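Trainee: Listed here are the chains, written in short residue letters.
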Amino acid sequence: MLSVLEALVFSTLDYAPALVFAALGAVLSERSGVVNVGVEGMMRAGAFAAAVASLAVPTPLGVVCGMAAGAALAAVHGYLCIRWRSDQVVSGMALNLVALAGGTFLLEALWSPTGTPPIEQLHRWVLPGLDQVPLLRALSGHSSLTYLAAVLPFLFHFALFRTPVGLRVRAVGEKPAAAATLGLSVPALRYGCVVGSGLLAGLGGAALSTSTLDRFEHHMPAGLGFMAVAAMVFGRWTPLGAFGAAAFFALGNALRIGLASSAPGLVEVIPQGFLLTLPYALTLLVLAAQGKKGAAPAALGTPYQPEAR
Amino acid sequence: MTDVTLRARLVRPFQTALPSVLSVALALAVCFLAIVASQGSLWVAARAYAEMAWGGFGDLPKLFAGADASALTRPWGETASKTALLTLTGLSVAVAFSVGLFNIGAQGQMMVGALSAAVLGGKLALPWPLHVAVCLAGAALAGAAYAEIAAALKLERGVHEVISTIMLNWIAVSLVENWLVVGPLRAQASGDNSISGTDEILASAQLPRLLGETSRLHAGILVAAALAVAVWYWLARTRYGFESRAVGLGPEAARAAGIPVAARVYQAMALSGALAGVAGAVLVMGTEHKFPATLGAPYGFDGIAISLIGQNHPLGVLASAALFGALRAGGTRMQLLGVHKSFPELIQGLALLFVAARLVWETLLSRFRREPAASATVEVPRA
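As given, the protein sequences belong to chains V and X, one line each in that order. All the letters of the first sequence, read from the start, carry residue numbers 1 to 309 under my numbering. All the letters of the second sequence, read from the start, carry residue numbers 1 to 383 under my numbering.
No wet-lab data here; the hints were simulated from the structure. Hints may be right or wrong, so weigh each one.
Said to hold, decoys possible - Every beta carbon over 10 Å from chain V, so not counted as near; a handful from chain X, in silico:
no., residue
1, R12
2, F14
3, W43
4, G58
5, K62
6, A67
7, T73
8, R74
9, P127
10, W128
11, L141
12, L210
13, T214
14, F242
15, E345
As the list claims (entries may be wrong) - To be clear about the criterion: a stretch of chain X counts as covered by chain V if any three or more of its residues have a C-beta under 8 Å from a C-beta of chain V, and this derived list gives those stretches:
no., segment
16, 161-168
17, 283-289
18, 304-314
19, 347-361
Since this is a predicted model, take the numbers as computed values, not measurements. Each residue gets a CB set at the ideal place from its N, CA and C atoms; glycine is no exception.
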């Protein structure tokens with residue numbers, strides 16, 4: 001029993017960083033008022049670039065390349081949404097389609113249709129002492145990204161709610177015109193947040209291809225980006241809320257895989273499809289229960305036009 | 001009709017379509033350069049595009065070399081079956097747009113529609129035309145019911161439809177592909193265990209082939225084209241359609257004018273889901289003849305691209321679906337030259353990205369017009 005629990009925690013911690021980083025990225029962009037459903041595409045770009053770069057350079061540097069790729073895609077999103085006031089959902093979906101087909105095209109052109117050659121995975125850190133304690137040893141043996149994913153949400157939460165920069169970001173997302181009268185540059189702040197969101201989503205993708213697995217596979221990230229957006233909504237657009245939701249989704253995933261292998265009898269009673277449905281159905285229920293109060297930033301999805309009333 | 005209105009009638013559709021046409025042309029050009037860069041040869045890229053054209057619109061060189069008519073009808077069949085699906089999902093998205101909703105859930109609605117058609121087609125025993133009609137109607141109802149969940153969540157509980165339809169897509173995938181199709185509804189294995197998907201539907205539920213055995217051209221394209229015209233008529237010429245568009249342009253103003261906003265949203269979303277459901281039925285009854293292990297392609301997401309490239313106009317949807325249907329049918333032939341068959345999807349994604357930048361096009365185009373362009377930017381509802 002203990003070993004099952006251990007395996008469960010271990011696999012959750014292995015899988016969670018991708019989702020956590022991407023969800024934080026979605027929070028950053030949407031808090032500044034720019035809808036980001038392109039997280040899926042940015043993750044794909046990040047996963048691809050990180051794996052490809054890691055074939056040539058050390059893997060940590062490859063992760064940075066993945067982040068840069070996510071940020072590049074996000075910059076396009078920002079340019080269209082902020083400079084040209086495009087529809088933000090449309091632009092995000094377009095980037096998803098481009099990343100999906102573009103990734104497949106490049107993969108086929110450079111290697112094989114299924115995936116890149118294996119790379120050296122990120123170093124897994126064994127925590128001395130902890131790896132001997134039952135149960136707690138599940139916390140040991142993860143890549144640095146897992147430990148970063150455990151700390152970053154708290155830093156982000158502090159930055160968003162306790163620092164002047166965070167206040168500005170929130171102001172731009174709630175009432176950009178008022179923020180502008182105080183001398184803040186709405187476009188600059190939004191560009192910063194959107195590109196930062198791309199960095200985070202790219203990091204999430206890189207976590208998939210350099211830490212969870214050791215290569216880019218053709219279907220990555222297989223809907224994880226949309227799940228990250230769900231985690232953001234579930235967590236009411238706050239970093240800690242999104243973190244909690246992402247961790248919960250990751251646990252649900254580990255539970256599903258764990259149950260299928262350790263208790264096949266249960267899967268006969270409850271079909272696996274039901275377990276797969278859980279995170280999505282729960283998100284819908286929570287959203288429906290929240291009702292019209294909502295928690296979304298007031299100016300979310302509205303392009304900023306200085307001359308508009 | 002005065003000379004001025006006649007000119008306006010002929011010129012305005014062209015002007016409206018121009019950003020889309022330019023976007024598609026630009027996407028084709030950029031992707032051409034991508035092949036040149038990846039294959040290192042202008043000649044390969046040109047041949048790849050030629051293959052795509054022959055594979056999509058009909059193999060003219062082969063015909064002139066003395067092949068029989070199947071050189072034309074085979075590509076047409078592939079193009080038509082893809083065009084039918086893209087048209088229906090595109091219409092689904094466009095109808096939701098008309099009341100200001102962004103239906104990302106066409107994929108899920110299509111999936112429940114496809115499953116309904118597969119079940120009705122496999123389990124019922126009815127004479128031929130009736131069976132087809134029952135399957136189409138069942139799929140439309142299932143898709144509509146699934147879409148109404150999102151509409152109800154939006155209207156009663158204020159849940160944004162983009163989020164709820166994404167969730168509903170995954171719920172459909174989990175329940176249909178990961179449970180029903182591999183569990184209770186799985187085809188009975190007869191001897192070898194390699195059969196995937198559900199049982200085959202009966203012959204009486206299949207859409208008839210139109211051009212004989214050499215071409216897979218089936219009646220689905222007629223269903224799709226007829227529905228495109230019907231949706232155009234509904235939106236442009238009926239009271240309900242007019243009221244729906246009013247709701248999409250401004251729900252507050254519509255409410256003030258006495259239009260029952262919630263009822264119009266429910267109706268439009270039901271129609272949107274029904275169209276996606278019919279897309280699923282056409283896939284099952286025309287091409288696959290069963291619910292396959294997976295739907296194969298994200299047709300629902302393609303519908304978003306098709307609808308927006310078609311400027312959310314039913315006939316524009318038909319045109320852009322025909323173009324991308326042909327590119328996709330031809331795309332498989334690029335494989336021989338080392339270009340992945342998903343290449344047309346890259347063209348489609350880039351075209352959508354360029355269409356999203358419509359203000360750029362308007363700014364550029366206004367320089368070539370005498371009068372400044374009116375800022376008609378509200379094509380797409382704000383999310």
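Trainee: Would you mind marking each hint as holding or not holding in the structure?
Mentor: Now for the hints, and whether the structure bears them out:
1. R12: holds (22 Å)
2. F14: holds (23 Å)
3. W43: Given that every Cβ of chain V is farther than 10 Å from that of W43 (chain X), nearest at about 17 Å, it holds.
4. G58: Non-interface label stands for G58 (chain X): nearest chain V Cβ at 25 Å, farther than 10 Å.
5. K62: holds (26 Å)
6. A67: About 30 Å separates A67 (chain X) from the closest Cβ of chain V, which puts it past 10 Å; holds.
7. T73: holds (28 Å)
8. R74: holds (25 Å)
9. P127: holds (35 Å)
10. W128: W128 (chain X) is indeed farther than 10 Å from all Cβ atoms of chain V, at 34 Å.
11. L141: Correct as stated: the minimum Cβ-Cβ distance to chain V is 22 Å, above 10 Å.
12. L210: holds (31 Å)
13. T214: At about 29 Å from chain V, T214 (chain X) clears the 10 Å cut-off, so the statement holds.
14. F242: holds (23 Å)
15. E345: Not fine: 4 Å to the nearest Cβ puts E345 (chain X) too close to chain V.
16. 161-168: holds (count 6)
17. 283-289: The restraint on the segment 283-289 of chain X is violated, since only 0 of its residues have a Cβ under 8 Å from chain V and three are required.
18. 304-314: Held - the segment 304-314 of chain X has 3 residues with a Cβ nearer than 8 Å to chain V, which meets the minimum of three.
19. 347-361: holds (count 11)
The structure fails hints 15, 17 (numbered hints given earlier, in ascending order).
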